[in-house]
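Sequences are here, hints too, so could you generate the full structure?
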Amino acid sequence: MDVLADAYAYVLENTDRFWEALRVHVSISLCALLAAIVICVPLGILCAKKQWLSAPIMGTFNSLRVIPSLAILVAVLPLLGTGFAPALVALTVLACPPILVNTYLGFRGVDPFVLESASGMGMGPNRILRKIEFPLAMPLILSGVRTAAVEVVASATLAAFIGGGGLGTFIINGLGMYNYSLLLVGAVPVALLAIFSEIVFAVIERTATKFQRA
Amino acid sequence: MTTDNAIVFDRVTKTFPAASKPSVNETSLTIDKGMFVTILGTSGSGKTTLLKMVNRIIEPTSGTISVFGKDVRALPLTELRQSIGYVIQQVGLFPHMTIEQNIATVPNILGWDREKTNGRIKYLMDLVHLPADFRQRYPRQLSGGQQQRVGIARAMAGDPEVLLMDEPFGAIDAITRTRLQDDFLDIQRQLGKTVLFVTHDVDEALKLGNRIVVMNEGSIQQFDTPLGMVSNPANEFVRQLIGSDNLFLRLQLIRAEEKMTALTEPARAEEAHICTDDNLREALQLLLRQDARRVIVDNAQGTAVGQLTLDLIKMDRQG
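Protein chains in written order, with full-length UniProt numbering: chain L, 1 to 214; chain W, 1 to 319.
No wet-lab data here; the hints were simulated from the structure.
Be aware that a few hints might be false.
[As the list claims (entries may be wrong)] For lysine-lysine, the following DSBU-like pairs were computed, each having C-alpha atoms within a straight-line distance of at most 35 angstroms:
#1 W:Lys70 to W:Lys207
#2 W:Lys193 to L:Lys131
#3 L:Lys49 to W:Lys70
#4 L:Lys50 to L:Lys131
#5 W:Lys21 to L:Lys131
#6 W:Lys122 to W:Lys207
None of these values were measured; they are calculated from a predicted model.
Pasting the structure below:
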């Protein structure tokens with residue numbers, strides 16, 4: 001318990017550094033997640049609508065998933081240098097596959113007879129997308145985002161390796177200096193962040209699936 | 001072309017890509033306003049294709065279809081479909097919307113104000129015999145029969161003149177189906193909508209339609225009234241399909257009122273009674289069961305207005 005107490009004392013002494021690291025960690029995670037949503041939700045819809053596109057696009061993103069997070073971080077180094085930008089790119093790549101796959105599955109899973117009755121009643125393609133397909137695919141899209149969020153929050157720790165900042169800085173320094181309390185200053189908030197994002201998305205998912213439980 | 005013609009098919013052909021034979025072949029058909037037309041055929045006869053070309057779910061290869069004198073291709077697709085009710089066997093209710101939101105689909109597209117939409121929902125739910133407290137429920141909380149009632153209400157929300165129905169009661173158990181048929185028949189008589197109703201069930205086709213189209217291999221075999229279809233089948237296929245040899249079927253299609261004669265002596269309460277709207281088959285059954293000489297025919301108010309005897313029923317065989 002001493003280690004924890006020491007970690008807490010460190011946070012109190014270095015409030016500025018701690019908050020700054022937390023801010024960077026959260027913002028880099030959120031940015032990566034948002035970028036992945038912006039890229040992958042439309043791509044997922046496209047794949048669901050144009051079957052011939054799904055194999056190449058899904059294949060590309062799934063092969064990216066095989067590469068370990070750290071390897072992606074290091075691989076973008078020569079291209080983008082160090083700092084926030086390369087870390088963001090690497091984390092975005094990481095967040096993409098679950099969102100892409102789940103968006104695709106969500107749209108493919110909409111009952112074709114629901115779509116037939118919608119268009120049979122005179123709903124145009126845009127209206128069907130907004131009023132029918134999106135709400136019905138939403139539970140799956142959200143669970144993809146949830147998976148991606150946890151992954152990104154955890155992997156953002158590695159951003160510190162390429163100078164991206166964040167809570168990972170404490171972990172790297174703590175490991176380097178054999179200072180376990182410093183390590184915990186990074187590790188405990190990361191774990192809490194991951195749990196927190198899990199809970200937040202669980203709540204959002206519940207509201208989106210209200211109709212399934214009524 | 002007068003507007004009395006609700007739907008006109010003019011030499012309509014549909015050949016699906018990679019199919020060797022057309023699903024619907026050079027078909028012409030004129031349906032008057034207010035007719036309840038059942039399209040009867042086996043699977044693969046082209047009956048569903050014929051139906052779905054009206055609201056352009058399927059586009060014909062050649063020929064034209066017009067609704068109230070207007071070529072269906074003249075209107076934007078969405079506008080055309082908003083003006084035609086559409087009901088399918090699988091119902092296809094929107095699972096994430098409540099019953100009232102489902103019914104409000106077309107009013108919402110048309111941009112009705114809330115009060116008008118609300119009134120319409122109330123009226124329709126009453127029309128299809130759904131309790132008002134179903135408004136806030138979701139489709140999966142309803143039984144199959146109730147869901148199709150919502151499906152019918154939803155299709156009628158924009159007050160379309162024409163209703164297209166693709167085996168709407170096909171997936172519903174027999175008892176519920178009979179009730180739905182009776183209720184929908186009432187609705188159609190009440191509102192006088194023009195209905196095109198696809199079914200593979202002969203009894204359903206005869207019971208609901210005041211005209212029947214029999215289709216086989218992409219062509220219309222006969223377009224006639226139920227009685228005409230049973231009495232004078234156009235060919236062997238129709239005779240086999242309808243079961244025209246079945247005398248009971250014919251008796252079932254003739255109402256007591258059409259054959260009854262004046263009472264020869266005052267009706268007594270203990271005699272067998274039927275209604276003017278009941279059919280000859282029911283009359284015959286009563287005659288046989290009670291070994292009676294006659295059956296008394298009562299009108300809707302319960303007053304005896306005529307009688308039926310075995311001789312009168314027999315006469316129908318020649319006439």
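Outcome of the hint check:
1. As the CA atoms of Lys70 (chain W) and Lys207 (chain W) are separated by approximately 30 angstroms, the hinted pair is consistent with the 35 angstroms bound.
2. Between Lys193 (chain W) and Lys131 (chain L) the CA atoms are separated by roughly 29 angstroms; this keeps the pair inside 35 angstroms, and the hint holds.
3. Restraint check for Lys49 (chain L) and Lys70 (chain W): the C-alpha separation of about 33 angstroms stays at or below 35 angstroms, so the hint holds.
4. Our distance criterion of 35 angstroms between C-alpha atoms is met by Lys50 (chain L) and Lys131 (chain L), whose separation comes to about 20 angstroms.
5. Taken as a hint, the Lys21 (chain W) and Lys131 (chain L) pair is broken in the structure, with Cα atoms around 39 angstroms apart against an allowance of 35 angstroms.
6. With a C-alpha separation of about 29 angstroms, the suggested pair Lys122 (chain W) and Lys207 (chain W) falls inside the 35 angstroms cut-off, and the hint holds.
In this structure, only the earlier hint numbered 5 is contradicted, and the remaining ones agree with it.
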